[in-house]
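From just these sequences and the hints, can you work out the full model?
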Amino acid sequence: MALDPIGGKLAESLVDLLTPGGTLVCYGQMAAEPISLPASTLLHKSLTLRGMTVGHWMSDTSLDRQASDVAAAKLIAMAAKDQFDVAGTYGLGDLAEAVEHAQRPGKVGTVLIRPW
Numbered sequence: 044m045a046l047d048p049i050g051g052k053l054a055e056s057l058v059d060l061l062t063p064g065g066t067l068v069c070y071g072q073m074a075a076e077p078i079s080l081p082a083s084t085l086l087h088k089s090l091t092l093r094g095m096t097v098g099h100w101m102s103d104t105s106l107d108r109q110a111s112d113v114a115a116a117k118l119i120a121m122a123a124k125d126q127f128d129v130a131g132t133y134g135l136g137d138l139a140e141a142v143e144h145a146q147r148p149g150k151v152g153t154v155l156i157r158p159w
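Going by the working numbering, the sequence shown opens with residue 44, and the numbers climb by one from there.
In short, the hints are calculated from the structure, not lab data.
This one's a predicted model, so the numbers in the text were calculated from it and none came from an experiment.
It is possible that part of the hints are untrue.
The calculated EDC-like cross-link candidates involving lysine to aspartate or glutamate, where the alpha carbons are at most 20 angstroms apart (straight line), are [claimed, not checked]:
| no. | residue 1 | residue 2 |
| --- | --- | --- |
| 1 | K150 | D137 |
| 2 | K117 | D128 |
| 3 | K88 | D59 |
| 4 | K150 | E140 |
| 5 | K52 | E143 |
| 6 | K124 | D112 |
| 7 | K52 | E140 |
| 8 | K52 | E76 |
| 9 | K150 | D128 |
| 10 | K52 | D137 |
| 11 | K88 | E55 |
| 12 | K117 | D107 |
| 13 | K150 | D59 |
Now the in silico label distances, taken between C-beta atoms and shown as ranges [what the hints assert, rightly or not]:
| no. | residue 1 | residue 2 | range |
| --- | --- | --- | --- |
| 14 | W159 | S89 | 36 to 46 angstroms |
| 15 | P158 | L46 | 11 to 21 angstroms |
| 16 | S56 | V151 | 15 to 25 angstroms |
| 17 | L46 | E76 | 11 to 21 angstroms |
| 18 | I119 | S56 | 18 to 28 angstroms |
| 19 | E76 | S105 | 31 to 41 angstroms |
| 20 | V129 | E76 | 22 to 32 angstroms |
| 21 | M95 | K52 | 15 to 25 angstroms |
Glycine included, each C-beta is placed from N, C-alpha and C at the ideal position.
Pasting the structure below:
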């Protein structure tokens, strides 16, 4: 599974990294361009493309399920603390640089995009 908070070309790159039967979950749309994927990519690897927003999750999910989801996310985060190191922080005006940084070989940590 791959999680995509940006969309556009990043989604295309993430799809290439998925193994057969994988799923790309898009939950953001910071990129101006659309996600453009050849149908053959989805078909040959039997991939699933799924969209999700926090708004839908909050309105379509019971409070008990929300609490369970948040608890599960916290457990995952605590078990993988090394995955949450910050490698760099960029503004939206530096999106191309941020994507390049995110794809750098040997990068340690997460590249963050701030809205200002």
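Next item on the list: For the pair supplied as a hint, K52 and E76, confirm whether the alpha-carbon distance does not exceed 20 angstroms.
Entry: Judged against 20 angstroms, a Cα distance of about 7 angstroms means the pair holds.
Checklist line | Hinted pair K124 and D112, Cα distance within 20 angstroms | finding: 18 angstroms, holds
Check: Is the distance from the Cβ of V129 to the Cβ of E76 consistent with 22 to 32 angstroms?
Finding: 26 angstroms, holds
Margin query: Is 15 to 25 angstroms respected by the C-beta to C-beta distance linking M95 and K52?
Written below: 20 angstroms, holds
Notebook entry, point to check: Is 36 to 46 angstroms right for how far apart the beta carbons of W159 and S89 are?
Noted result: The hinted range 36 to 46 angstroms holds for W159 and S89, with Cβ atoms some 40 angstroms apart.
Check: Holds or violated: are the alpha carbons of K117 and D107 at most 20 angstroms from each other?
Finding: Distance of about 15 angstroms is within 20 angstroms: holds.
Next item on the list: For the pair supplied as a hint, K150 and D59, confirm whether the alpha-carbon distance does not exceed 20 angstroms.
Entry: 19 angstroms, holds
Next item on the list: With respect to the beta-carbon atoms only, verify the hint that S56 and V151 lie 15 to 25 angstroms apart.
Entry: 19 angstroms, holds
Next item on the list: Compare the distance between the alpha carbons of K150 and E140 with 20 angstroms, and conclude whether the hinted pair is satisfied.
Entry: Distance ~14 angstroms between K150 and E140 Cα, so the pair holds.
Next item on the list: Could you say whether the range 11 to 21 angstroms given as a hint is met by the Cβ separation of L46 and E76?
Entry: Roughly 19 angstroms apart at Cβ, these two residues keep to the hinted range, so it holds.
Margin query: Next pair to validate is K88 with E55; report whether the Cα-Cα distance is within 20 angstroms.
Written below: 14 angstroms, holds
Check: When you check the alpha-carbon spacing of K88 and D59, does it fall within 20 angstroms?
Finding: With a Cα-Cα distance of about 10 angstroms, the restraint between K88 and D59 holds, given a limit of 20 angstroms.
Figure legend: structure checked against the earlier numbered hints; every hint is met.
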